[in-house]
Each structure stands twice: as structure tokens, then as C-alpha cells.
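*Asks:* Sequence:
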Amino acid sequence: MKTETAKQAGAGRLFLLPNGLKVAYQSKAEVPHLYDDIFDKQVYLRNGLRLKRGDCVFDVGANIGLFTLFVHLFYPDVDIYAFEPAPPLFEILERNVSMHTARANLFNCGLSDMEKEATLTFYPNSSGMSSFYADLDEEKQSLRSIMLNQLRKGMEGMKGLIKHADDLLDERLKNVTFDCRLRTISSIIAEKGIRQIDLLKIDVQKSELDVLRGINPEDWDRVRQVAIEVHDIEGRLQGIVSMLEGAGFRVVAEQDDLYEGSIMYNVYAARDEQNAPLEHGAAAGYQAIQERAKKQGESFYKSRRILSHRREE
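If you're matching positions, the sequence shown starts at 11 in this note's numbering and goes up one per residue.
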């Protein structure tokens with residue numbers, strides 16, 4: 011019964027994004043935050059990270075697919091491999107990719123350091139917090155820090171929410187569990203014959219080190235750029251920075267103002283040859299981003315184009 015509740019949470023509903031795209035969603039409250047991170051702040055293309063036509067992108071922890079759509083809008087011929095283990099989110103990911111005919115290979119699995127099955131704690135009302143390493147106290151502290159930072163920034167309505175923070179957090183962190191398949195990056199590389207991963211984006215709620223450990227030594231040279239959300243537990247941030255530097259990357263670690271006081275950081279890594287002016291992001295201009303996204307949305311709703319993605323087993 012709990013699984014059905016989780017699946018039905020976002021069924022049949024669409025959210026109109028500021029750029030004119032409509033997307034299916036799991037939790038309505040999460041969509042503006044996801045949009046702000048991915049489309050406005052462009053958190054996965056900072057500190058010199060860039061994309062070009064024909065690149066290959068791994069979207070690890072795809073959630074409802076906003077980053078996959080972001081990449082598709084500006085680089086339609088980029089090969090995208092999107093991984094999402096939570097069944098409710100994967101269904102929504104499939105729907106969003108189908109609606110916007112993104113060129114993506116979708117995998118209903120997580121990535122880790124070995125092939126196995128593991129139990130995912132899924133938060134229907136805070137799906138982005140879902141984790142194979144769930145810790146309610148840590149999750150509550152992270153959400154509380156975000157709420158306090160939003161209050162400091164003067165975000166509308168936060169003062170009233172803070173008064174009821176405990177009840178709100180209890181509601182946001184109601185959860186169900188799923189047994190999910192986990193694979194490794196190197197197994198995907200071998201299976202699909204992937205020669206190069208131009209951007210490896212990882213947002214997997216405390217499983218990021220496992221994902222990196224799933225890259226065999228001989229495959230590291232295939233990875234050109236990395237953007238990771240890191241949870242700094244037991245020195246993990248420094249450990250991941252050192253791992254990436256040891257693999258030949260230039261590395262930058264930073265913390266968004268919204269996550270001040272939490273354990274969450276962003277890490278960016280690129281090979282020396284990637285050190286070039288940004289082709290995307292600020293150089294592209296937000297107005298151009300909005301215009302292209304709007305055109306893509308209008309095109310879909312006029313023509314109802316057919317599926318262009320592939321579901322991988």
C-alpha cells in the first residue's frame with residue numbers, strides 16, 4: 011500500500027516551469043528548487059565545466075529528469091545516460107523524457123561500487139533526499155538548515171513555516187522503501203561501448219563515493235568532467251577531492267549559500283585540456299536559455315511528437 015501511495019503522488023499532474031516547459035513531478039514543492047538549481051544557477055556547469063555537441067553525459071540520480079531536459083534543450087545531439095533507482099521517480103522521468111522527446115537512455119537502477127541490490131529509503135514529499143544511506147536526523151538537519159537560510163534570504167512565507175518546522179519536517183520525511191538494483195559505471199561503459207564520458211553528473215544523497223569507486227582504474231581516462239553533490243561525512247569531501255586530483259583532474263569545491271550549515275557541498279573536476287572559456291552557462295545568456303526552452307515546449311504541445319528515448323533494463 012505504501013508503494014502505491016508513493017507512485018500516485020505525482021500521477022497525471024504537470025508543472026509549468028518559468029521557461030514555458032511543462033513537466034510531470036513527484037512533489038510540487040520541490041520543482042521550483044530543482045529548476046532554480048539546474049536552469050537558473052546551472053549548478054552542474056560551473057567553474058569551467060562545459061558541454062559541446064556530440065558529447066556524452068551521465069546523469070546519475072536523475073530524479074524527474076530536469077537536468078536531462080536541460081542538456082537536451084541546448085545540445086539535442088548529446089548522448090544522455092540517465093539513472094534513477096526509485097520506481098516512482100523513474101516513471102516520471104520516463105514521462106518527461108517522452109513528452110519532450112529527449113535523446114536519452116534511461117536506466118531504472120542506481121550506480122554503486124559493485125553490482126548488487128540495496129534498499130532505498132524514498133521520501134515522496136522530499137524525493138531529492140531519498141537515499142540508500144538514510145538517516146532521519148541528518149535529513150532533518152539538512153532540511154532545517156535550508157529553511158533557515160531561506161528565511162535569512164527573506165524568502166516569502168518562510169517565517170510562518172519555521173514556526174511549524176517540526177511538523178513540516180515530519181511530513182516531508184515520511185518514507186517508504188524499495189529494493190533496487192545497483193550497477194557500476196564501468197559495467198555500463200563495457201555494455202554500451204562508451205568511449206568517453208564528457209560530463210559525469212552525480213547527485214545521489216550520500217552514495218557519491220560508491221559511484222566513483224565503481225569506475226575501474228582503466229576507465230578513469232574516459233571521464234573528462236565531473237560535477238558532484240558531496241555529503242561531507244567523516245571527511246568524505248576531502249577524500250573525494252583527493253581521489254579526483256589523483257585521477258588527474260583540476261578540482262574546485264564550494265558550498266552554495268542555501269546549504270550553509272549543512273554537510274552538502276558541490277565538487278567540480280575537469281581535465282587540464284578542458285580549461286577553456288565556457289561555451290555554455292553565463293556566456294549563453296539566460297534570455298537565450300529561456301527562449302530556446304520555450305520554443306521546445308511550444309513545439310511539443312503543438313505536434314505531440316513520438317517517443318525518442320530508450321528504456322534500458
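There may be inaccurate statements among the hints.
Derived lysine to any residue pairs resembling SDA-like cross-links, with alpha carbons at most 20 angstroms apart [stated by the list, open to error]: (1) K126 <-> K62; (2) K38 <-> L26; (3) K62 <-> D89; (4) K62 <-> E244; (5) K38 <-> L24; (6) K38 <-> I204; (7) K126 <-> L146.
Hint data in this document are derived by calculation from the structure and do not stem from the laboratory.
Values in this document were obtained by computation on a predicted structure and should not be read as measured data.
*Asks:* CA of K38 to CA of I204, is that 20 angstroms or under?
*Replies:* Given that 20 angstroms is the threshold and the Cα spacing comes to 35 angstroms, the pair is violated.
*Asks:* Within 20 angstroms, alpha carbon to alpha carbon, are K62 and D89?
*Replies:* holds (11 angstroms)
*Asks:* Keeping to a limit of 20 angstroms between CA atoms, is the pair of K38 and L26 held or broken?
*Replies:* holds (11 angstroms)
*Asks:* For the pair we were handed, K126 and L146, check the Cα-Cα distance against 20 angstroms.
*Replies:* violated (24 angstroms)
*Asks:* Quickly compare the C-alpha distance for K38 and L24 to 20 angstroms and report which way the hint goes.
*Replies:* It holds: about 9 angstroms lies between the C-alpha atoms, which stays within 20 angstroms.
*Asks:* Given the hinted pair K126 and K62, is their Cα-Cα distance within 20 angstroms?
*Replies:* violated (34 angstroms)
*Asks:* For the pair supplied as a hint, K62 and E244, is the alpha-carbon distance within the 20 angstroms limit?
*Replies:* Not satisfied, since the Cα-Cα distance of roughly 36 angstroms exceeds 20 angstroms.
Checked against the numbered hints given earlier, this structure breaks hints 1, 4, 6, 7; the rest are met.
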